[in-house]
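Engineer: Below, each chain spelled out in residue letters.
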Amino acid sequence: MARNIRFREALREAMIEEMERDERVFLMGEEVGHYQGAYKVSEGMLDKFGEKRVIDTPIAEGGFAGIGIGAAMVGLRPIIEFMTWNFSAVAFDQILNNAAKLRQMSGGQFNCPIVFRGPNASAKQVGSQHSHAMEHFYATVPGLKVVAPAYPSDAKGLMKAAIRDDNPVLVMESETLYSVKGEVADDLDVIPLGRANVVRQGKDVTIVAYSRMTHVAMDAAAQLEKEGISAEVVDLRSLRPLDEDTILDSVEKTHRCVVVHEGWPYGGVGAEVADRVQRLAFDALDAPILRVTTLDVPMPYNAKLEQLCIPQPDRVVAAVKRVVYRGQA
Amino acid sequence: MAIETNSHITHRDPSATENGPSNGLHSELDHLVSMYRQMYLIRRIEEESARAYAQGKIGGFLHLYIGQEAVGVGAMAALKPEDYVVTTYRDHGIALAKGMSPNALMAELWGKKTGCSQGLGGSMHMFDEPTHMLGGYGIVGGHIPLAAGVAFASKYRGDGRVTLCFFGEGAVSIAGFHEGVSLAALWKLPIVFICENNEYSMGTPLSRTMSVEDVTTKAIGYGMASDRFFADDVQEVERRIRQAVDRARETSLPTLVEVRTYRFRGHSMSDPAKYRTAAELEDRKKKDPVIRARAKLLSDGYPESKVTALEQEVEDEVTAAVKFADESPDPDPSILEATTYDGPFAS
Ligand SMILES: Cc1ncc(C[n+]2csc(CCOP(=O)(O)OP(=O)(O)O)c2C)c(N)n1
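Those protein sequences? They're chains V and X, same order as listed. Just so you know, we're using the UniProt record's numbering here: the first sequence kicks off at 1 and counts up by one. Just so you know, we're using the UniProt record's numbering here: the second sequence kicks off at 1 and counts up by one.
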């Protein structure tokens, strides 16, 4: 049996189930308890688990990220919510210099089984300081794992895997996906980190995407189909570790590749995918790999300019047409 | 925990209330008229913004200043025009009090090209170079060291300007507060840190964010002067902030000021503010600083007909600002790159 539930409910179920099975797991962050979560992901959890395990914090990202890391070193399994990943920049030092490096610099003596999670990337017209897609910054860091689900089912399964993982795992939830519904199997357990998913079969081009951009890629694929172009969509789900095999298998089948993400174009996940594909499947390629990204500027407030900056299906369609040599050069 | 009057809070300097403008009764009344006008303008602009938000004309977050008007207006009255102001996302009232035009403000909320930041900043990022409004910022506490930097520049250049840095009590927990205030004290920077303590940081009451609720106790650790008072009375705010501003200007010493105030609306338009009772809100509304200033005007002998005329003038100004915003064009995409870098740049 399966239920049709929202993305935020899937995340909540994962946290509740893991907290029920493991006393060491707790949730900490701004407004997660009494306010029921700024985006209502943790709604009801305070009632269920009490203030010992659902902990409201002051605005002190560096402080509570560090407290989580310290607690994880000595055996607890914290889930730290950032009200948005934009504010995690304040805690970047803790995540980069402590969480990611602890295990290696202690010669493997200390693990850091912690989950950092929260909404990521653009919302609607919230201006440049609230609109960053932050995953690129973290995905470059060895010692961290980074996941970015697109569907409720993946959100639940990956969150459960993240909580059980003995490493620091960052769960990037698109702010605009929280109310999106999807089927979640009643008996869904853990979805292993590091495995991409082919969410649409096709033969002419591979579109690689993750998080909300998977939905944009699916919209683009539907449009392309009407024009006789068959696109395969690979949803990465996990950015680090990156499922190279699934990407390469798909490109070897389609011979073309477009990568779509919400981060800026300089470096980042798109560049990483493009590098691996050209290096490991060069002979399979019939066209240059294109990237569709947010424009190389901070996010503007004006609604039209914002839409212009964020990848839309028509930009993905245009990129695909270029790599299949159908349309403007 | 509610403290009823100013007298419940320790006045660190009892001479504070004697420092108002001493240029005669008449001009004092004129001054109050002008401050009331600004407070009323801010109130009405904010109410219109809320309405425009509901109509979908304003997007994103909208944090209203309703209830806190006496802080911005009183503080700004203690400044010279060339002084600097830095604040948070709750910035509309501060920007207007600093002198930004309602047209530029409304157009910015609408995301229009004629807005103070050409429609690129929006509600949380009001910047206005001509009035030395150095911005509203969205990352809690991130602007506090920046404001100290502005004051650093004033000291460096010896330009005699003072910087006011506003933030909520929620910001006091974050590293940026400690680092910014600490350096300002160490380097004796001409800045006044104004903590607008409105009792809630988003949905969290004061009692659950700070182990010591008196923010000015922090100043002791930095060796910094401090002051703490209620902000229901705009004239009192001006008198008290003027002391700190004078200290900054004359001796280049910073001050940490905590003003107790209250926001009548939720944290932002999306917050139904279920964490507080209707009774609490009603109680606080009895001390509405705008109504209080109006009553003071009348009791000081300013004729009611003139007050009503002034209010009508403000109505017209607000209506014009809404019309201006409605009729202004969207910014052109070509400004994106041009505003990202100064000069040509190819990535
Ligand atoms: C570093 C950071 N963390 C969290 C937030 C989200 N946030 C925005 S405003 C706010 C509450 C701030 O309260 P306070 O400082 O008291 O100011 P007020 O809104 O009451 O004026 C929070 C948690 C943020 N913007 N930046």
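The hints are simulated quantities; they were obtained by calculation from the structure and are not laboratory data. Be aware that a few hints might be false.
[Unchecked claim] Pairwise CB distance ranges (calculated):
id	chain 1	residue 1	chain 2	residue 2	range
1	X	ASP342	V	GLY107	47 to 53 Å
2	V	GLY194	X	SER211	54 to 60 Å
3	V	LYS226	X	ALA338	33 to 39 Å
4	V	GLY70	X	LEU29	27 to 33 Å
5	X	SER211	V	LEU76	20 to 26 Å
6	V	LYS181	X	ASP159	54 to 60 Å
[What the hints assert, rightly or not] What the simulated footprint calls covered on chain V by chain X, stretch by stretch (three residues with Cβ under 8 Å from a Cβ of chain X suffice, anywhere in the stretch; the number is not a length):
id	stretch
7	5-15
8	26-39
9	86-99
10	191-203
[Said to hold, decoys possible] In silico negatives: residues of chain V with every beta carbon more than 12 Å from chain X:
id	residue
11	LYS52
12	ASP56
13	LYS124
14	ASN167
15	ASP245
Just so you know, even glycine gets a beta-carbon here, dropped at the ideal spot from N, CA and C.
Engineer: Compare the structure with each hint and give your call.
Structural biologist: Taking the hints in turn, this is what the structure says about them:
1. X:ASP342 <-> V:GLY107: 47 to 53 Å: 48 Å Cβ-Cβ, so the 47 to 53 Å window holds.
2. V:GLY194 <-> X:SER211: 54 to 60 Å: violated, 42 Å
3. V:LYS226 <-> X:ALA338: 33 to 39 Å: holds, 37 Å
4. V:GLY70 <-> X:LEU29: 27 to 33 Å: Since GLY70 (chain V) and LEU29 (chain X) have Cβ atoms about 59 Å apart, the given range 27 to 33 Å is violated.
5. X:SER211 <-> V:LEU76: 20 to 26 Å: At roughly 23 Å between Cβ atoms, LEU76 (chain V) and SER211 (chain X) fall inside 20 to 26 Å, so the hint holds.
6. V:LYS181 <-> X:ASP159: 54 to 60 Å: holds, 58 Å
7. 5-15: Per the Cβ count (0), the hint is violated.
8. 26-39: holds (count 5)
9. 86-99: holds (count 4)
10. 191-203: violated (count 0)
11. LYS52: holds, 15 Å
12. ASP56: Contrary to the label, ASP56 (chain V) does not stay out of reach of chain X, its closest Cβ about 6 Å off (not over 12 Å).
13. LYS124: violated, 6 Å
14. ASN167: holds, 26 Å
15. ASP245: holds, 32 Å
Checked against the numbered hints above, the structure breaks hints 2, 4, 7, 10, 12, 13 and satisfies the rest.
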